[in-house]
Structures are given as C-alpha cells and as structure tokens.
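**Q** Just need the whole structure built from these sequences, with the hints factored in.
From first to last, the protein sequence lines are chains A and B.
To get our numbering, take the position in the first sequence, counting from 1, and add 44.
To get our numbering, take the position in the second sequence, counting from 1, and add 150.
It is possible that some hints are incorrect.
[As the list claims (entries may be wrong)] Here are the simulated BS3-like pairs of lysine-lysine, each with C-alpha atoms no more than 25 Å apart in a straight line:
#, chain 1, residue 1, chain 2, residue 2
1, A, K123, B, K320
2, A, K560, B, K168
3, B, K562, B, K320
4, A, K185, B, K168
5, A, K262, A, K415
[As the list claims (entries may be wrong)] Pairwise CB distance ranges (calculated):
#, chain 1, residue 1, chain 2, residue 2, range
6, A, N323, B, A156, 27 to 37 Å
7, A, D167, B, T242, 23 to 33 Å
8, B, T483, A, A585, 46 to 56 Å
9, B, E208, A, E475, 19 to 29 Å
These are calculated hints, taken from the structure and not from any lab test.
Glycine residues also receive a C-beta, built at the ideal position from the N, C-alpha and C atoms.
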Amino acid sequence: MKKLDKHYDVIVIGGGATGAGTARDCAMRGLKVLLVERFDFTAGATGRNHGLLHSGARYAVTDGESASECIKENMILRKIARHCVEDTGGLFITLPEDDLAYQQLFIEKCREAGINAEAIDPDLARRIEPAVNPDLIGAVKVPDGAVDPFRLTTANVIDARRHGADVITYHEVVRFIISGNRMEGIVMRDVHTGEETEAVGSVVVNAAGIWGHLLAKKAGVDINMFPAKGSLLIFGHRVNNTVINRCRKPANADILVPGDTICLIGTTSDRVPFDQIDNMEVTPDEVDILIREGEKLAPQLATTRILRAYAGVRPLVASDDDPSGRSISRGIVCLDHAKRDGLEGFVTITGGKLMTYRLMAEWATDMVCAKLGLTDRKCTTAETPLPGSETPLEVNDTKKDKDGHPSRQHIIELPTEQLAAEGRHGSLTEEIRWQNPGDDALVCECEQVSVGEVEFAIDKLHVHNLINLRRRTRLGMGTCQGQLCACRAAGLLDKADRCTERALDDLCSFVNERWKGMYPVAWGDTVSEIQFTQWIYSGVAGLDEFLDGRDTEHLLH
Amino acid sequence: MDYQQANISDNNFENCTKCTVCTAYCPVTAVNPDYPGPKQAGPDGERYRLKKPLFYNEALKYCMNCKRCEVACPSNVKIGDIIQAARIKYSTKRPSLRDTMLANTDFMGNMATLAAPIVNGVLSLKPVKKVMDATLKIDCHRTFPKYAGQKFTTWYKRNAAQAQQQFANKVSYFHGCYVNYNNPSLGRDLITVLNAVGYGVLLLEKELCCGVAKISNRLIKEATRDAEVNLKAIRNAVSTHKAPVLATSSTCCFTMRDEYPHLLHLDNAEVRDDIMLATKFIYELLEKNQIKLVFKPGFKMKVAYHTPCHMEKLGWTYYSTSILRMIPGVDLTLLDSRCCGIAGTYGFKKENYRYSQDIGEPLFRQIESINPDLVATDCETCRWQIEMSTPYRVENPVTILAMAIDADATRKANSIG
Numbered sequence: 045m046k047k048l049d050k051h052y053d054v055i056v057i058g059g060g061a062t063g064a065g066t067a068r069d070c071a072m073r074g075l076k077v078l079l080v081e082r083f084d085f086t087a088g089a090t091g092r093n094h095g096l097l098h099s100g101a102r103y104a105v106t107d108g109e110s111a112s113e114c115i116k117e118n119m120i121l122r123k124i125a126r127h128c129v130e131d132t133g134g135l136f137i138t139l140p141e142d143d144l145a146y147q148q149l150f151i152e153k154c155r156e157a158g159i160n161a162e163a164i165d166p167d168l169a170r171r172i173e174p175a176v177n178p179d180l181i182g183a184v185k186v187p188d189g190a191v192d193p194f195r196l197t198t199a200n201v202i203d204a205r206r207h208g209a210d211v212i213t214y215h216e217v218v219r220f221i222i223s224g225n226r227m228e229g230i231v232m233r234d235v236h237t238g239e240e241t242e243a244v245g246s247v248v249v250n251a252a253g254i255w256g257h258l259l260a261k262k263a264g265v266d267i268n269m270f271p272a273k274g275s276l277l278i279f280g281h282r283v284n285n286t287v288i289n290r291c292r293k294p295a296n297a298d299i300l301v302p303g304d305t306i307c308l309i310g311t312t313s314d315r316v317p318f319d320q321i322d323n324m325e326v327t328p329d330e331v332d333i334l335i336r337e338g339e340k341l342a343p344q345l346a347t348t349r350i351l352r353a354y355a356g357v358r359p360l361v362a363s364d365d366d367p368s369g370r371s372i373s374r375g376i377v378c379l380d381h382a383k384r385d386g387l388e389g390f391v392t393i394t395g396g397k398l399m400t401y402r403l404m405a406e407w408a409t410d411m412v413c414a415k416l417g418l419t420d421r422k423c424t425t426a427e428t429p430l431p432g433s434e435t436p437l438e439v440n441d442t443k444k445d446k447d448g449h450p451s452r453q454h455i456i457e458l459p460t461e462q463l464a465a466e467g468r469h470g471s472l473t474e475e476i477r478w479q480n481p482g483d484d485a486l487v488c489e490c491e492q493v494s495v496g497e498v499e500f501a502i503d504k505l506h507v508h509n510l511i512n513l514r515r516r517t518r519l520g521m522g523t524c525q526g527q528l529c530a531c532r533a534a535g536l537l538d539k540a541d542r543c544t545e546r547a548l549d550d551l552c553s554f555v556n557e558r559w560k561g562m563y564p565v566a567w568g569d570t571v572s573e574i575q576f577t578q579w580i581y582s583g584v585a586g587l588d589e590f591l592d593g594r595d596t597e598h599l600l601h
Numbered sequence: 151m152d153y154q155q156a157n158i159s160d161n162n163f164e165n166c167t168k169c170t171v172c173t174a175y176c177p178v179t180a181v182n183p184d185y186p187g188p189k190q191a192g193p194d195g196e197r198y199r200l201k202k203p204l205f206y207n208e209a210l211k212y213c214m215n216c217k218r219c220e221v222a223c224p225s226n227v228k229i230g231d232i233i234q235a236a237r238i239k240y241s242t243k244r245p246s247l248r249d250t251m252l253a254n255t256d257f258m259g260n261m262a263t264l265a266a267p268i269v270n271g272v273l274s275l276k277p278v279k280k281v282m283d284a285t286l287k288i289d290c291h292r293t294f295p296k297y298a299g300q301k302f303t304t305w306y307k308r309n310a311a312q313a314q315q316q317f318a319n320k321v322s323y324f325h326g327c328y329v330n331y332n333n334p335s336l337g338r339d340l341i342t343v344l345n346a347v348g349y350g351v352l353l354l355e356k357e358l359c360c361g362v363a364k365i366s367n368r369l370i371k372e373a374t375r376d377a378e379v380n381l382k383a384i385r386n387a388v389s390t391h392k393a394p395v396l397a398t399s400s401t402c403c404f405t406m407r408d409e410y411p412h413l414l415h416l417d418n419a420e421v422r423d424d425i426m427l428a429t430k431f432i433y434e435l436l437e438k439n440q441i442k443l444v445f446k447p448g449f450k451m452k453v454a455y456h457t458p459c460h461m462e463k464l465g466w467t468y469y470s471t472s473i474l475r476m477i478p479g480v481d482l483t484l485l486d487s488r489c490c491g492i493a494g495t496y497g498f499k500k501e502n503y504r505y506s507q508d509i510g511e512p513l514f515r516q517i518e519s520i521n522p523d524l525v526a527t528d529c530e531t532c533r534w535q536i537e538m539s540t541p542y543r544v545e546n547p548v549t550i551l552a553m554a555i556d557a558d559a560t561r562k563a564n565s566i567g
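**A** As structure tokens, then:
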C-alpha cells in the first residue's frame, strides 16, 4: 500500500465548507494539514442548499443561539468573502393566511439575537421587491443576502493550500489506523482506480457532514445523526433581487433566494434512511409543494422557466442524552471523542449550517490545537479576507474609488464575460488571461465563462473534470444546462491532460448529471431544451454509442 | 401535479433553447467580432441584465434591428425586440447630435426640400463629406439620397387630390419620408397604378415619420409621440373609408405593424391588419379577379429582386415578386435573401460603415453576376445601398409595374371612364 511521507498534525476529512474552512484555519495556525475529500469539494450538502446568507432571522424565534451565531457570521462573511456574498437584503412577509401577530414576536426575538429587523409598510416592501406577492399584509426587513457556497469553499481550499495544506480529492476514507485508544491515521481509496493510500497524523477531524455518521462508525464511534432531505428548484432567471421569506414558523418552501443569475425556492424537509443519502432524487410531490408555496412568495414564479431540481441532505444531530432523536439541535456540534468515547486524536465537527462554517472550523481547530498543546495559536479567520476578496469590490455604486478614480465607469466598459468573471473570482480575476485572441471566446454562453476563465480554473482551482469545472465557474449551470458548453469544455480539459477517452467519459457523465436535475422538471421549455441536447449528443456526436457498456457512474460526483 | 402542468414560462426570452440558429443568420455577427450576436445580446444577456443592469453591454448598438434572427428562430423568441428594448432601457449614453439628426427624417427632409438643389450639391461635395465625417462621424464614403425640389404632399395637393374623389373605391396611402422628400415619383406611380384599376388614393389627415430611425437611435419619447399621431390618423382613415392604409416601404409598414406594439407599447391591434404594402393589396385584388392589368406590348426587362430584411420579417416577398412575374417580358431573378448592410441610419455611421459594406458584399457580387437591367426592392435604404455599391439602378416594384402597364388600356379593362 502507498503511504504518504509526511506526518500530518491534522487530517481533515470532508471537502465541504466546514472541512475546507477547518483545513484553512489549521493551516493558518501553522499546522501541517491534509484535507481529504471523497469526491469533489462541495459535492455534498455544501453544494446543495439555498446559498442563503442567513441573517439568522429564520431561527430567531425557534433557536436564539443559532440566530445570534448567524448574524455574527453574516457580518464576518461580508468582510472576508466579498466575492462570494451579495448584499441583497431580505424580507419576511406576512400573507393574509398567516398570523400577523407572529411578526411582533419575530421582531422581538430578532432584536434579542442582535439582528436588525425592521417592520416596514407593505407598500414599501412592494417597492423594494416588485416581485413580492402583492397581497402581503406585513413585511420585515432583515440583513439577509446570498452566498455562493462553491466559491466560498474553493476560496477556503485555495487559502489552505497557500498556507501549506495538502489537498486530495476523489479519495474515500475506508478505514482508520487505530492503535490502542489512539487514532493514528487513515487509509483512503482512490474512487477511480481503487488504489489505497495510507496517511498518518496526530489528529483526525471528521467534517464529513451526514457521511460523518458512517465514518465515525468505522472508528467504532456512534454519533446519533439523522439525514434530512431538502429539495429545491432553480428558476431560469432572477425573479427577485431581495431574499423573500415567510414570516411564520419555519416550514416547507418558504425561502426564495436570488443567487447569481438565477433564483432558488426551497426547501422541503423529510427524514430519509442512510442507504439513500448518496441517491437523492426529487419527487413529483416535492416539486409540487415547491411550486405551490413558491408562488405565494412571488406569483411570477408560476410563469417562470424551471431549470432543474436538486436535493441535499442536512446532518441533523441528536443530543447525546437523547438517543431517541426527538431532540434535534440545529446548532454546532463539536465532539472530542477522547472525552466522549475514549478514542484519542479524533474530533467530529458537525451540525451547524453553511452560514456558521467558519465558526465550526474555529471550534474544531481550537480543539485540535488544544490536543496538540498549541493553545497559543489564535484564530484569525474572522479578520483575514479569503483569496479573491483581498481587495474591495470594484463593481459598486460609489462614483469614485479611494484614489478618486471613477472605478465604476471603468468596470461598466468591460465585456460581459470579464464582468461575470470578476463577480465569480473577485480579485483572482487578475490571473485570468484575456490578452490572446480566443481567450475571451465563450465556452459557456449562458453563464459567460470564457476560455481564459476555464484555463485559469484548470490551472489554479483544482479542476480535474467537467463537474469540478462547473462548481468552480458556473459552467453548465445556465439555461441550457451544458448543452453548448459541455463539449467545448471537454475539449479544453482534453487539451490540458491529453486523454481523449477520459474527456469523453467525463462528457458522458456530465451530460447525464445535468439530465438528472432536469428530469423532475422536464416539461415546457425545459423538455425542449433537453431534447435538443439529446439530439446534439446522441444524434450528432454519437455519444450514446461511445457510452454503450461503459461505466461512468463513478464520475457522476 | 396541477402546479406542474400550469407552470409554463411566459417570459419570451426563456423560450430560447440555445440552438444558436439566430447567430448563424445574423448579418452582423459574421463581420463584426465586437458584436456578441443575437443569442448572447438577446436571451442570454437578458438574464444578466435582470441580475444587474450594469451587465448591459454597449456593443448591443451594433445590432441593425434587421430581425433576421427572429425569422430564423424556431422557438418564436423576439430576439431583435429583446435587444432593442434593452438598448432603450439600459443604455446610459444619450443619443448624439448625429444620431438625432439622422433620426429626425421629417425635420431634415422639410428643411432640405426647401433648397433641394443646393443641399444636394453641397452634400455631394468631397470637402463637405470630409467635414461631416470628422465632426459628425457620418462616413464620407456614403452617398446621401437626393432631396426632391417639391414634396410629394405638395404635388399631391396641387395635382392629384381632387381627382381621387371621383373614385368609388378609396384607399389611404402612407407615403413615408422617402417618397415625400426624396422620391415623389414612386408616390405618383402608385397613384397611376391604383387609379387605373379603379382605386382613388387618399393621404392620411396627418402623417409623420413612422419612427424607425428614432427607435433605432433611442429617441423613444419622440418616436412614441409621432407614432400616436400616425395611429390616430390610421384609425380614422380605416373607419371612415373601410379600406386599408397602403405603404410602399416595407420598413414603414413593418414598423407601424410590429415595432409600435413591441417597442413603443402602443396598441395597434384594431388596425394592424389594415396596414399593408401596396403590392400585397394589388396582388390580393388580382387573385380575387377584382381588377385586371393590361401591359404594354414589347415591354422587356431583366429584373433582380432583393428581399429587404423587414420584408423577410413581414413574409411578404411573395406578393412583390408575384406581381413582377405577372409582367410579360420581365425576366425575374429572386436574389438570395440577405441583408444589404445599410439598415437605415446604421450604415451612415462612421463606426458601422465598414461592417455595412462587408455585410452587403455577397449581395453586390450576386447582382453583378446576374447583370440585370434593374434591381427591384421594397425598401428605400436598400436602394441607396445597392445603388451606391453597385452600378445598377434600383426601383420599387410599384414603379416597375407603373412602367409596364398600359394605363389607358388598364382603365378600360376595369371599366373606368
């Protein structure tokens, strides 16, 4: 068996926001870090949620502690991750069927949690957000926003690597190396080749989300987790530019978030068995609920094209003193398995939310440092901007920048693809090439991803296949869902790693993965789109013949 | 499942399935790499503009508004309208003096016809062209259409108005700026033909420029004001005479039928079908055997017909070419339907001139290879472009018809005294 030479201070398992954030925090505190991910970064719950920059208002009434964590992290992310965050503002609306009395309690609880919640006139709400249901009888303004979880996680990974961390994707941890009561390392298996590799470290952090439950079992530790499936729908363009929530106890499909070029309605919430967590499909009933409830927030959704449906799995954690699982916490759970289970060198960080990933990373890193006897290493992630956010946003509404130059004017003259790239990569955009003819040619037309941006992503953003590329750049996330860009991008990847067969396998699995999300909403324009895509890839390109008998299932993540 | 069945997009730009046939048919994309093409400028760009208006790209000004993208689109996306509407809504640049001058065809026409010989002479002087090129950015290679010494409306009042009253059947005529200020003889030709088959030709109580130039130069307030005047006059004419309003310009016709509701948001539904090209009106009368045409014996002419972009959009090329084909002695070639490149005021602008000529090049070559006696087309700006770029004379099909018929014999055949 292969063995990595280094002895790591910490091995972090899980390439979601929490794992990437923990790897970054540990690396910034000077630890030798290995980050291991089974598939790609953001392949789990991190890449399958609303992308809502919670103000915390949603939890104010039911969970004050989570609410105040959210608002604090919200303010921090605005500072350290400006290129991942959009300050859209949010509304909590009361509809005629809702109890207006709830609004008073809601505002009170928001203020207790430190959230600036302000009741506004329904008329003003209609002016702020013209797409809002005009029948609303009440509205509260809160500092919600949108956050791009893909960019956020990638930025954490980049920074972890800048601070010396090693990062390995497409490797699944199959067992732990345990000696007596001490965790000493991991054995990971390459999901493509099956080859196993050993890595040793002083502390192992389990940041694998819901999969952490199964992982812990492999270490002989029980964590009482419950997978809760949440489904969402992506609409073809931005119907709203402000987050719209229902001002009532949290329920199904009561948040509509504008994210990049699209908007998202969600979620549903259903417990699912563990054997289903790698196999999330959105059911017709869920689609129905999402449309029905979505229309109540913004009636225009009823006549807006739906691009796709997807579902993620929340890791709900039962309190240790309640094995029945009835008492569920949405808060952060950081477990020291030495104290809890007598297994030294093993930490689990779970629960929480995308919003609190940084705080979770901080807690986990604090615990790791304590175990290593390095308590003097202080966390600086709340103040240090992420790569891409080192410079202030150039595209803003102020007329002059700090040197008195009209920066906005300059940026307005940029071609759309450069403007879009700046929105995605922030100050990293400087590394994208535009000077050669063809650099600005578009690979993904819907999302304005250029050849230069794809090449930058392949070089710098840990891209090995089309799905990686999609998560790093939004390639294939637009209206046509990969119809035009998939083959162009496959060509560029082929050019980069010179293996046409791999590029073709990759292309097949990418097109299939896009279809998977379109299938639950395949009617109207979306069905015409997919049919056209099918003509191109099976009719013209002959991919179905190439695919015949080949197994590309393992490439689907 | 009820919600799913009902969830169908009513956003026209979302009907785009990204097939890109629009971009393949776009005359500008083929020659100008700075233009993003109709798909990207239209439905793709719309998503970005809805995200943030700052994603509006000034390169959309390169769109000629030829609507060939809309003709090509299999999903009925109003791509040209989306692009023009975006220019109107998002552009922060004010129309320049040049654009305002080029767009105000009525004002310029009225001024110029007062001193037509001087204006024509001055506008064709090289130094003047150089000055206009340098100061106004109107390209010096461009030939200005000659202004007429007498406006069509002046001639009509003095020489034709009274005679029209004797006809039992009457139609109205929207002459347009070109007939009024530059080519009154086309208006006279229409009257000759229609009088011969028993129709009196009336003018509208008031007529202003159809607005196409103002719309494409984003003078929307002015265009809307003019359009409201025209629509009122058209409504009155249609209800009084129970007869259509004819035009001899495919662009005027198209603008009043489609751009008024789509871009100026004026409701023209009750009269839209009554606004039509003269050739369509004449063709339909012939088809129903309500009129007869008698042609001059020995009339011989080799004609090449060019389909203007807006004619392609109207889908009415068939009417004009069928009429030309009815003329014995006319040897008609239907040229490949492609843009001539001028697109109204577009081709006069210095920044567009080169693209304008590049777009028209294949058309000019085809005309030369056919070597016709005359090129026929229903659009005046196509005429300027072809006459400037080839050695051939260009006429409206109505003029050719007037040349070909024996007016007296036709009158007799239709029992007109």
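**Q** Compare the distance between the alpha carbons of K562(B) and K320(B) with 25 Å, and conclude whether the hinted pair is satisfied.
**A** The given pair, whose Cα atoms are some 18 Å apart, holds under the 25 Å limit.
**Q** Is the hinted pair K185(A) and K168(B) satisfied, with a Cα-Cα distance of at most 25 Å?
**A** Violated. K185(A) to K168(B) sits at ~38 Å, over the 25 Å cutoff.
**Q** Between K262(A) and K415(A), does the CA-CA distance stay at or below 25 Å?
**A** holds (22 Å)
**Q** Are E208(B) and E475(A) spaced within 19 to 29 Å by their CB atoms?
**A** Holds: the Cβ-Cβ distance is about 27 Å, inside 19 to 29 Å.
**Q** So the hint says 46 to 56 Å: do the beta-carbon atoms of T483(B) and A585(A) match that?
**A** violated (40 Å)
**Q** Measure nothing beyond the straight line between the CA atoms of K560(A) and K168(B); if it is 25 Å or shorter, mark the hint as holding.
**A** holds (19 Å)
**Q** Could you tell me whether the CB distance from N323(A) to A156(B) stays inside 27 to 37 Å?
**A** Holds - the Cβ-Cβ distance for N323(A) and A156(B), about 30 Å, lies within 27 to 37 Å.
**Q** Are the Cα atoms of K123(A) and K320(B) separated by 25 Å or less?
**A** With a Cα-Cα distance of about 74 Å, the restraint between K123(A) and K320(B) is violated, given a limit of 25 Å.
**Q** Would you say the C-beta atoms of D167(A) and T242(B) sit inside 23 to 33 Å of each other?
**A** holds (29 Å)
Checked against the numbered hints given earlier, the structure breaks hints 1, 4 and 8 and satisfies all the rest.
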